[in-house]
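Colleague: Sequence:
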Amino acid sequence: MSWSAAQYTQFEDERTRPVRDLLAQLPERRVAAVMDLGCGPGNSTELLLARYPGAAVSGLDSSADMLAAARKRLPEVEFVLGDIAVWRGPELYDVILANASLHWVPDHATLMPALMQRLAPNGVLAVQMPDNYDEPAHHLIRKVAAEGKWAAKLAAVGASREPRRQPSWYFNMLRQLGARADVWVTIYHHPLAGGASAIVEWFKGSGLRPFLDRLDDEERVEFLDRYVAEVAQAYPALADGTVLLPFPRLFFVATHG
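170 is the number of the first residue of the sequence shown in the numbering used here; add one for each residue after it.
Check each hint, because a few of them may be wrong.
[As the list claims (entries may be wrong)] Derived pair list, reagent style SDA-like, types lysine to any residue, alpha-carbon separation capped at 20 angstroms:
| no. | residue 1 | residue 2 |
| --- | --- | --- |
| 1 | Lys322 | Leu218 |
| 2 | Lys318 | Asp382 |
| 3 | Lys373 | Ala362 |
| 4 | Lys312 | Lys241 |
| 5 | Lys373 | Val354 |
| 6 | Lys373 | Arg389 |
| 7 | Lys318 | Ala362 |
| 8 | Lys373 | Phe416 |
| 9 | Lys312 | Lys322 |
| 10 | Lys312 | Gly376 |
| 11 | Lys322 | Leu393 |
| 12 | Lys373 | Thr185 |
| 13 | Lys373 | Thr411 |
| 14 | Lys241 | Leu216 |
| 15 | Lys318 | Glu387 |
| 16 | Lys373 | Leu216 |
| 17 | Lys373 | Ala350 |
| 18 | Lys318 | Arg395 |
| 19 | Lys322 | Pro360 |
| 20 | Lys312 | Ala233 |
| 21 | Lys373 | Ala398 |
| 22 | Lys322 | Lys373 |
| 23 | Lys373 | Leu218 |
| 24 | Lys312 | Val390 |
| 25 | Lys312 | Pro360 |
| 26 | Lys373 | Ala233 |
| 27 | Lys373 | His277 |
| 28 | Lys318 | Val397 |
| 29 | Lys373 | Asp409 |
| 30 | Lys373 | Arg311 |
| 31 | Lys241 | Val255 |
| 32 | Lys312 | Leu218 |
| 33 | Lys312 | Ser366 |
[Said to hold, decoys possible] If you anchor each label on the Cβ, the simulated ranges turn out as follows:
| no. | residue 1 | residue 2 | range |
| --- | --- | --- | --- |
| 34 | Gln335 | Ala254 | 31 to 39 angstroms |
| 35 | Arg186 | Glu387 | 34 to 42 angstroms |
| 36 | Asp382 | Glu197 | 36 to 44 angstroms |
| 37 | Arg349 | Glu316 | 28 to 36 angstroms |
| 38 | Arg257 | Gly410 | 45 to 53 angstroms |
| 39 | Gln194 | His358 | 14 to 22 angstroms |
| 40 | Gly347 | Asp276 | 30 to 38 angstroms |
For the record, the hints were derived by calculation from the structure and aren't laboratory data.
Each residue gets a CB set at the ideal place from its N, CA and C atoms; glycine is no exception.
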């Protein structure tokens with residue numbers, strides 16, 4: 170799947186707010202090694218550098234375009250191209266951050282133990298994942314994908330995503346791994362100027378990408394036209410043209426026992 174750093178950072182303030190909230194829940198202590206898994210264009214990595222100025226901070230992402238943006242932003246940081254699913258890391262880390270990345274990675278029953286094993290004693294795994302798969306914006310992506318001439322081409326896209334897990338599943342998994350766990354969900358309501366088109370621009374930087382990647386140019390235009398029309402019905406604009414985008418996110422902080 171291709172990623173565009175420019176598209177993603179159109180809404181950088183809104184996308185960075187959850188990681189600020191997540192980092193606020195981490196314990197105050199000295200750390201030596203920090204890893205940002207799925208670092209994207211470096212916005213979360215930049216916050217880690219500010220939070221832990223004396224630590225060795227690294228980042229990993231599967232997108233060369235995202236890493237190019239991250240390296241331009243933070244030339245002093247080591248950024249590595251790689252897949253979270255198979256990453257094991259060369260050392261043990263005091264903090265592993267995964268901000269809006271693990272929902273793209275399959276088999277969390279295997280992934281969580283692997284990540285916890287890369288923590289130093291009293292190390293912290295801090296995770297934030299979109300929890301919006303049942304929201305209208307995502308439902309409408311799947312609806313448009315299933316009803317258009319591209320239905321056969323896109324049939325496998327939705328099926329490839331990791332099944333949505335409840336907060337209790339993560340809490341139980343982390344407790345079984347011997348971690349002290351804190352799990353919560355926050356619903357953000359992002360005001361976006363530009364009505365339905367702004368919501369579509371948002372998801373062009375995330376949830377729409379695996380669908381659009383499978384389409385040719387003509388199909389992509391038609392798909393987006395249909396999606397904009399559906400979104401306009403589901404998210405009516407306010408009098409000034411602003412639209413509120415409700416966005417649930419799942420958080421957890423797991424401390425290595």
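Colleague: Hints first: check each against the structure and report whether it holds.
Modeller: Evaluation of the provided hints:
no. : hint                                  : verdict
1   : Lys322 <-> Leu218                     : violated, 42 angstroms
2   : Lys318 <-> Asp382                     : holds, 15 angstroms
3   : Lys373 <-> Ala362                     : holds, 16 angstroms
4   : Lys312 <-> Lys241                     : violated, 38 angstroms
5   : Lys373 <-> Val354                     : violated, 24 angstroms
6   : Lys373 <-> Arg389                     : holds, 11 angstroms
7   : Lys318 <-> Ala362                     : violated, 31 angstroms
8   : Lys373 <-> Phe416                     : holds, 15 angstroms
9   : Lys312 <-> Lys322                     : holds, 14 angstroms
10  : Lys312 <-> Gly376                     : holds, 13 angstroms
11  : Lys322 <-> Leu393                     : holds, 16 angstroms
12  : Lys373 <-> Thr185                     : holds, 17 angstroms
13  : Lys373 <-> Thr411                     : holds, 19 angstroms
14  : Lys241 <-> Leu216                     : holds, 16 angstroms
15  : Lys318 <-> Glu387                     : holds, 12 angstroms
16  : Lys373 <-> Leu216                     : violated, 24 angstroms
17  : Lys373 <-> Ala350                     : violated, 33 angstroms
18  : Lys318 <-> Arg395                     : holds, 12 angstroms
19  : Lys322 <-> Pro360                     : violated, 34 angstroms
20  : Lys312 <-> Ala233                     : violated, 31 angstroms
21  : Lys373 <-> Ala398                     : holds, 15 angstroms
22  : Lys322 <-> Lys373                     : holds, 18 angstroms
23  : Lys373 <-> Leu218                     : violated, 28 angstroms
24  : Lys312 <-> Val390                     : holds, 16 angstroms
25  : Lys312 <-> Pro360                     : violated, 24 angstroms
26  : Lys373 <-> Ala233                     : holds, 18 angstroms
27  : Lys373 <-> His277                     : violated, 25 angstroms
28  : Lys318 <-> Val397                     : holds, 17 angstroms
29  : Lys373 <-> Asp409                     : violated, 23 angstroms
30  : Lys373 <-> Arg311                     : holds, 14 angstroms
31  : Lys241 <-> Val255                     : violated, 26 angstroms
32  : Lys312 <-> Leu218                     : violated, 41 angstroms
33  : Lys312 <-> Ser366                     : holds, 18 angstroms
34  : Gln335 <-> Ala254: 31 to 39 angstroms : violated, 22 angstroms
35  : Arg186 <-> Glu387: 34 to 42 angstroms : holds, 37 angstroms
36  : Asp382 <-> Glu197: 36 to 44 angstroms : holds, 42 angstroms
37  : Arg349 <-> Glu316: 28 to 36 angstroms : violated, 46 angstroms
38  : Arg257 <-> Gly410: 45 to 53 angstroms : holds, 48 angstroms
39  : Gln194 <-> His358: 14 to 22 angstroms : holds, 21 angstroms
40  : Gly347 <-> Asp276: 30 to 38 angstroms : violated, 20 angstroms
In this structure, the earlier hints numbered 1, 4, 5, 7, 16, 17, 19, 20, 23, 25, 27, 29, 31, 32, 34, 37, 40 are contradicted, and the remaining ones agree with it.
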